[in-house]
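Protein sequences, first through last, are from chains A and B. Once you know that position 126 of the first sequence is 126 in the working numbering, the rest is easy, because the numbers rise by one and skip nothing. Once you know that position 83 of the second sequence is 83 in the working numbering, the rest is easy, because the numbers rise by one and skip nothing.
Take the hints with a grain of salt, since some may be wrong.
Computed, partial: chain B to chain A, Cβ under 10 Å [claimed, not checked]:
#, residue
1, L105
2, G106
3, M108
4, V114
5, E121
6, S124
7, L161
8, Y165
9, L166
10, F270
11, L278
A few chain B positions that, by computed beta-carbon distances, are all more than 12 Å from chain A [claimed, not checked]:
#, residue
12, I14
13, L109
14, A135
15, I147
16, L159
17, Q162
The set of hints was computed from the structure by calculation and includes no laboratory data. Note that the structure is predicted; figures quoted are calculated from it, not measured. From the three backbone atoms N, C-alpha and C, an ideal C-beta is built for every residue, glycine too.
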Amino acid sequence: MTRLFGSAADRTKAVATLALLSVLPLYVMQTGGTYRARLLELFLAFALLGMALNIVFAHTDQLFLFVGALTGISTYTTVYLVDATGVTVWALFPVGALVAGLVGVFVSYLAARLEMSIIVIAILTLSLQLAAEEFFEGARDVTGGTTGLRFPGLDLPPVEAALGFPSRIVNYYLLLLLLAGTFVLYSRMIRTRYGLAFDAIRQDRVAAESVGIDVMRYKMIAGFTAAVLIGLVGPLYATAQGRVTPTNFAFQSVDVTVLIVLVLGGMRTMLGPLVGAGLVIVINEQIGVFGDWETAAFGLLLIGLFLYFSDGVVPRLEALADRYDLTALPGRARDWFG
Amino acid sequence: MASTTLVEVFVDAIARGLLFALLGSGITLVFGLGNVLNIAIGAFALIALIATSEFLAVSPNVAVAAVGGVAVVAAVGVAVDRTLLSLVYRQEGEDRILLGIFVTLGLMLFFEGVMFVEYAEGFSVSHGVPALTVAGLRIRGSTVVIIAVASVLLALLFLFLQRTYLGKATRTVFQDETGATLCGIDARRIRTLIFVVSVVLAGVAGILQGFHTNLRPDAAFELTVFAIIVSIVGGVRNIQGTVGAGLLLGLVITYANFFIGAYIANIILFGVAVLALLVRPEEIA
């Protein structure tokens, strides 16, 4: 347990956050029905997607603009395999995630091999995203076209029966389990040589190479980790949405949201994407007051956010906490009174 | 299959290619000059179209209304350049590229949202040019207008860049911004001018497309995607290349549409973009 996380501070933060999140459904179940439960599921799904983008974009400068396509690839692969083989979804969804991971690592490989800059990776993955969207909509015999496919989700009837939880809450706890695993993975990754290598590569690629860091390998590791994580979230996210349709994996519905989640919450932090996802869900609900003007208001928010708030909530809060650090108070008082 | 049909498809493909060329040039000019990838370009195309059809309610003359529409989009372009883009240009290098993408993406959502509220039903403009029949070929009136207007506009663009002082100054900034500054060229003012030129090109493309079909607000994103792909395939900083790529992709997508079907045609289009990126990724950044 002691070495599960990369640092004691990470452990405290993660355990407190997970404890809080694990009692959240009790409150929601008392006050609201399915609608609120769905918001909870989406909250965790986008937090996880944000954490994946954090690893690959914020830490290794590979701007993956095909998060939607990757979630779609893993989900359609899973649903297709379940239909074709009749094997339980529990055995097959890791296969879907692995397929997404392979796509991710292949893109990372090409990008590193051809020494693509961040903008080229962005446009490359955006093209792949749009091609995937066309495929999801067009290949009707595989994907069911715009009407989509029915997907019972990763359900656990015995658990639902034993604990009396609605299936949405079960899905929430599955997402929470994945979040706990991702906290551990992220904390370990960033506090070990991987994190050091990521920092070195991001700050000066040539210098990093010259001290013997295998740049290509680390970028591929980041790409693979992020894509597998996105792939694991895919079917859970689709379960939350209810039906497997192309619009659920579209650039406008996934990638734009995930980018906002990451930037608003704070890049290169463990809790940033979670905080960002929470804020985006709340803002989205509040923005409903604009009625039809919702999209327009969201666009303005996005502009303001990127122009004036690109360092994110969590880093700002941490800076604030440092400034008013109580343990440093005696020293500061001494300075003050000379 | 009748060979006349194939020729008719070819003429359609040229019209489409010229529209692609207009849109792609809009991306190339602004990116080449200031490293801002204008994701909102499709929205500018629709703004011009919407303004044109609003003017048509006042003046029945299409040409007058279209000029009005272009003037509106130019004014919006100036406003965006002076406010949002000024903030973006304060950044340098890769930071600016990223901020440019994000800010214009937000702008795109904003415009799209406004258009969905006010003009959700979509727009088309009737041009009143009858269909032509040449040597047994039947060509739609809108195709004739598109080919005529777009070629003249592209010719004017090249004349401007090659022959005028401002055009030469623009190309200087393209090649070497520091050098241009040392020659006394104000890069920021050139950027404003070129941004307005780019949204005017996109606006004309939007109006011309509106002669052809009814465009709804969600077409804005699609137009942006076409514009970016054309610009990439042409080599993002190369205006001749962009025009060539526009014509080429117009042919590819129109024939693929005709022979294979719409969704595979679009996948081929994105495939070409991916290939272009893989073959020469260094041209872009």
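Tested hints:
{"no.": "1", "hint": "L105", "in the structure": "holds, 7 Å"}
{"no.": "2", "hint": "G106", "in the structure": "holds, 3 Å"}
{"no.": "3", "hint": "M108", "in the structure": "holds, 7 Å"}
{"no.": "4", "hint": "V114", "in the structure": "holds, 5 Å"}
{"no.": "5", "hint": "E121", "in the structure": "violated, 14 Å"}
{"no.": "6", "hint": "S124", "in the structure": "violated, 23 Å"}
{"no.": "7", "hint": "L161", "in the structure": "violated, 24 Å"}
{"no.": "8", "hint": "Y165", "in the structure": "violated, 31 Å"}
{"no.": "9", "hint": "L166", "in the structure": "violated, 28 Å"}
{"no.": "10", "hint": "F270", "in the structure": "holds, 4 Å"}
{"no.": "11", "hint": "L278", "in the structure": "holds, 7 Å"}
{"no.": "12", "hint": "I14", "in the structure": "holds, 24 Å"}
{"no.": "13", "hint": "L109", "in the structure": "violated, 3 Å"}
{"no.": "14", "hint": "A135", "in the structure": "holds, 37 Å"}
{"no.": "15", "hint": "I147", "in the structure": "holds, 28 Å"}
{"no.": "16", "hint": "L159", "in the structure": "holds, 30 Å"}
{"no.": "17", "hint": "Q162", "in the structure": "holds, 28 Å"}
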